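So the chains spell out like this:
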Amino acid sequence: MYSNRKHPKFANEYIVHWMLANLTQGMGVQINEASQRIDECLLRFMDQLELLEEKRERLNSLIEQGWFSISKARYSMGNKQVSTLQYGNEIEPQVQINVRLLENGEAEFDAQRVECLRSQHLEKDLGRVEDIGPKDEGVRRRGVTKEENPKDQPAAPRACVSRETSPPNQGMSQHQDPLKWFGILVPQSLKQAQASFKKVVELSAEVATLQCTVVATRKELQALMGNKQEETPSTEADKQKDTGNVRQSEEESASDS
Amino acid sequence: MAGRGKLIAVIGDEDTCTGFLLGGVGELNKNRKPNFLVVEKDTSITEIEETFKSFLARDDIGIILINQFIAEMIRHAIDAHMQSIPAVLEIPSKEHPYDASKDSILRRAKGMFSADDFR
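In order, the protein sequence lines correspond to chains A and B. With our numbering applied, the first sequence corresponds to residues 18 to 274, in that order. With our numbering applied, the second sequence corresponds to residues 35 to 153, in that order.
Since the hints were derived computationally from the structure, they do not count as laboratory data. Some hints here could point you the wrong way.
[Said to hold, decoys possible] Below, a list of computed lysine to aspartate or glutamate pairs in the EDC-like style, where the Cα atoms sit at most 16 Å apart:
(1) B:K67 x A:E219
(2) B:K144 x A:D64
(3) B:K40 x A:E219
(4) B:K64 x A:D64
(5) B:K64 x A:E107
(6) B:K67 x A:E109
[Claimed, not checked] Not the full set, but computed from the structure, chain B residues with beta-carbon under 7 Å of chain A:
(7) L55
(8) V59
(9) L90
(10) A91
(11) M107
(12) A111
(13) K128
[To be verified] To be clear about the criterion: a stretch of chain B counts as covered by chain A if any three or more of its residues have a C-beta under 8 Å from a C-beta of chain A, and this derived list gives those stretches:
(14) 40-54
(15) 75-89
(16) 96-106
(17) 114-121
(18) 132-142
Small disclaimer: the values here were computed from a predicted structure and weren't measured. Backbone N, C-alpha and C fix where the C-beta goes; we use that ideal spot for every residue, glycine too.
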């Protein structure tokens, strides 16, 4: 139904039906504002569906590529060398999704690699290194207290050292490449699999955003249609009134004659 | 990092999970709770459903990726989820290609075009 070839046809078919329905309803005289808004919304909805379809196809083909590469890696490494058993004991995410909620209830998803964030943090940290200078005053003050409490002397520098060294160590453990779970010298195909799944992750955020947009547009369309249906009975009643008035005037004119 | 960004959760067969973990999606949190479920032959539907619901309840998950054949097993739970976050994405699996007519989102979109709409 939603295959790439059939989809535009599917869209056009319904748009033609829709336009005809509107024309017949408005007796071919005027397309009122509500109908126009519905038409615009419907066209937007169809465009979004088409885009979603395209992205879906790309996503699916990338996933397939990834599986193929995993299978190749399994063939060269051995059957049980690429399985759940090799997963690391500590797994840290390397991708994060930034979610933004828009006013109309839509959500925007954006995948961001942690390496990018890390480089941003490193830049910030470099900035901080420069800031450390004035803090030396505090150390000097400690030097004054050292004379007062000689027992605390060795403890303070150790604490400082541990604070200084711990963040880089954490960083190393946090951002271990999952590729290393499967060995140090992994085949090229496994690297290819990783590359295609990285792309899939980015694309899946885009697809998720599009899905939200499609759902939101659908709600908008339904609301517009609901409004129009509420309006139509009144216009029909008006028309009936008009025809009633015409009949009355005709009868009056007939009686006069 | 956990404070700002959200995670991608995966419910899928072994190869799907392995692939996405290679892509850097996986996480084992402080309670050793993973953000993925490897569905094997002996995995029960209730287990899948409970895991899916636990992912829905977690506020650090932004997108849930699920193999379509697994989504079919817990279709009622997926259809019941109407919020935009977390977004549920159905993906193909090795044995089962992606079928758009089964996808919850597209089914909802298609359901719009009933005969009544064109009167």
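Inset, instruction - Grab the minimum C-beta distance from K128 of chain B to chain A and call the hint holds if it beats 7 Å, violated otherwise. - result: 6 Å, holds
Inset, instruction - Go check the stretch 75-89 of chain B versus chain A for me, would you? Three or more residues, Cβ under 8 Å, otherwise it fails. - result: violated (count 0)
Legend entry - Holds or violated: K144 of chain B to D64 of chain A, with C-alpha atoms at most 16 Å apart: Satisfied, since the Cα-Cα distance of roughly 14 Å is no more than 16 Å.
Legend entry - Stated coverage of the stretch 96-106 of chain B by chain A [criterion: 3+ residues, CB within 8 Å]: holds (count 3)
Inset, instruction - Would you check the hint for K64 of chain B and E107 of chain A, treating anything up to 16 Å between C-alpha atoms as holding? - result: Between K64 of chain B and E107 of chain A the Cα gap is close to 10 Å, so the pair holds against 16 Å.
Legend entry - Restraint satisfaction for L90 of chain B [CB to CB of chain A, less than 7 Å]: With Cβ-Cβ at 14 Å, over 7 Å, it is violated.
Inset, instruction - Sort out whether E219 of chain A lies within 16 Å of K40 of chain B, counting only the CA atoms. - result: Satisfied, since the Cα-Cα distance of roughly 13 Å is no more than 16 Å.
Inset, instruction - Mind checking the CB of A91 of chain B against every CB in chain A and telling me if the closest is under 7 Å? - result: Violated, because the Cβ-Cβ distance from A91 of chain B to chain A comes to roughly 16 Å (cut-off 7 Å).
Inset, instruction - Starting from K67 of chain B, check that the Cα of E219 of chain A is at most 16 Å away, please. - result: 24 Å, violated
Legend entry - 16 Å Cα cutoff - pair K64 of chain B, D64 of chain A: Between K64 of chain B and D64 of chain A the Cα gap is close to 43 Å, so the pair fails against 16 Å, i.e. violated.
Inset, instruction - Double-check A111 of chain B for me: the hint is only fine if its C-beta lies closer than 7 Å to a C-beta in chain A. - result: 17 Å, violated
Legend entry - Restraint satisfaction for V59 of chain B [CB to CB of chain A, less than 7 Å]: It holds, given that the least Cβ distance between V59 of chain B and chain A is near 6 Å, below 7 Å.
Violated hints, in rising order: 1, 4, 9, 10, 11, 12 and 15; the structure is consistent with all others.
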